[in-house]
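Student: Sequence:
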Amino acid sequence: MFLKNKLFTALYTIFLILNFNQSKAMTAMTKKPDLTFKRHDFGVACYNASDLRVVYAGIPFVREAECRDREPYDEKRIKANTTGLIAFSGPVDVKWKSEDGEQHQYQLDLDEIFKGKKVLHHEKEEDLLIKHPSYDPGIYIEVDNRTLNIYMDVNIILSPNGVDNGNQRYSRRNVTLAFTKNFLITTNN
Numbered sequence: 001m002f003l004k005n006k007l008f009t010a011l012y013t014i015f016l017i018l019n020f021n022q023s024k025a026m027t028a029m030t031k032k033p034d035l036t037f038k039r040h041d042f043g044v045a046c047y048n049a050s051d052l053r054v055v056y057a058g059i060p061f062v063r064e065a066e067c068r069d070r071e072p073y074d075e076k077r078i079k080a081n082t083t084g085l086i087a088f089s090g091p092v093d094v095k096w097k098s099e100d101g102e103q104h105q106y107q108l109d110l111d112e113i114f115k116g117k118k119v120l121h122h123e124k125e126e127d128l129l130i131k132h133p134s135y136d137p138g139i140y141i142e143v144d145n146r147t148l149n150i151y152m153d154v155n156i157i158l159s160p161n162g163v164d165n166g167n168q169r170y171s172r173r174n175v176t177l178a179f180t181k182n183f184l185i186t187t188n189n
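Per our numbering, the very first residue in the sequence shown carries number 1; after that it's consecutive.
Keep in mind that the hints were calculated from the coordinates and are not lab data.
Any given hint could be a false lead.
Unchecked claim - Straight-line Cα separation of at most 27 Å, BS3-like style, residue types lysine-lysine; simulated pairs:
no. : residue 1 : residue 2
1   : K38       : K181
2   : K118      : K38
3   : K95       : K115
4   : K38       : K115
5   : K181      : K118
6   : K38       : K117
7   : K97       : K38
8   : K181      : K95
9   : K38       : K124
10  : K181      : K97
11  : K95       : K117
12  : K117      : K181
Stated by the list, open to error - What follows is a set of in silico ranges between Cβ atoms, one per label pair, in the way DEER data are often shown:
no. : residue 1 : residue 2 : range
13  : E125      : P60       : 37 to 47 Å
14  : E102      : I130      : 40 to 50 Å
15  : G101      : I130      : 41 to 51 Å
16  : L184      : S50       : 37 to 47 Å
17  : Y170      : P60       : 37 to 47 Å
18  : K118      : T147      : 16 to 26 Å
19  : T36       : Q105      : 23 to 33 Å
20  : Y170      : E99       : 42 to 52 Å
21  : T186      : P160      : 51 to 61 Å
22  : A57       : T147      : 35 to 45 Å
23  : A178      : E125      : 35 to 45 Å
Where a beta carbon is used, it is the ideal one built from N, C-alpha and C, also for glycine.
Kindly generate the complete structure, drawing on both the sequences and the hints.
Tutor: The structure is reproduced here in structure tokens:
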């Protein structure tokens with residue numbers, strides 16, 4: 001009886017291995033879907049401007065005081081503090097004053113900017129281990145004087161084949177500019 005169970009276990013293990021490899025091959029032959037998200041974090045950053053007010057999902061994000069100058073380390077850090085997880089909830093209203101005191105206003109449509117709620121990243125499809133990010137992506141509004149930017153910040157889980165030599169981490173942070181708009185100086189003649 002013991003030998004019979006051991007033989008059955010060995011045959012069953014071989015069956016599972018063969019089926020796993022076959023299913024991996026079938027998956028590799030089919031087109032992989034885009035990474036998508038259902039929820040996201042949200043944050044606001046402000047540089048070289050003042051009186052910033054952002055309203056999203058009924059939540060006001062206000063920076064009444066003057067915003068500081070952009071520093072070189074700002075490029076590598078998370079773009080802003082987040083509020084937690086929010087589903088797409090209508091437009092984002094942004095108002096601020098540029099350094100010269102001119103008032104600016106713009107309404108952003110995140111459904112239009114992130115069509116199909118696709119995760120923006122720079123990784124090769126064959127390097128992805130799973131079909132979703134390791135955490136919900138962050139969407140960050142950044143005002144820098146006369147420029148309005150939207151970034152997506154997401155951590156992508158990579159297969160061991162997708163990792164650089166010597167790098168033991170199996171994920172990589174991707175910060176992607178999704179939208180930008182420059183507001184030109186208006187002259188009153």
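Student: Hint by hint, note whether the structure agrees.
Tutor: Going through the hints against the structure:
no.: 1; hint: K38 x K181; result: holds (26 Å)
no.: 2; hint: K118 x K38; result: holds (9 Å)
no.: 3; hint: K95 x K115; result: holds (24 Å)
no.: 4; hint: K38 x K115; result: holds (12 Å)
no.: 5; hint: K181 x K118; result: holds (21 Å)
no.: 6; hint: K38 x K117; result: holds (7 Å)
no.: 7; hint: K97 x K38; result: violated (33 Å)
no.: 8; hint: K181 x K95; result: holds (13 Å)
no.: 9; hint: K38 x K124; result: holds (22 Å)
no.: 10; hint: K181 x K97; result: holds (15 Å)
no.: 11; hint: K95 x K117; result: holds (25 Å)
no.: 12; hint: K117 x K181; result: holds (21 Å)
no.: 13; hint: E125 x P60: 37 to 47 Å; result: holds (39 Å)
no.: 14; hint: E102 x I130: 40 to 50 Å; result: holds (46 Å)
no.: 15; hint: G101 x I130: 41 to 51 Å; result: holds (49 Å)
no.: 16; hint: L184 x S50: 37 to 47 Å; result: violated (19 Å)
no.: 17; hint: Y170 x P60: 37 to 47 Å; result: holds (39 Å)
no.: 18; hint: K118 x T147: 16 to 26 Å; result: holds (24 Å)
no.: 19; hint: T36 x Q105: 23 to 33 Å; result: holds (31 Å)
no.: 20; hint: Y170 x E99: 42 to 52 Å; result: holds (43 Å)
no.: 21; hint: T186 x P160: 51 to 61 Å; result: holds (54 Å)
no.: 22; hint: A57 x T147: 35 to 45 Å; result: violated (24 Å)
no.: 23; hint: A178 x E125: 35 to 45 Å; result: violated (19 Å)
Hint compliance for this structure: hints 7, 16, 22 and 23 are broken, all remaining hints hold.
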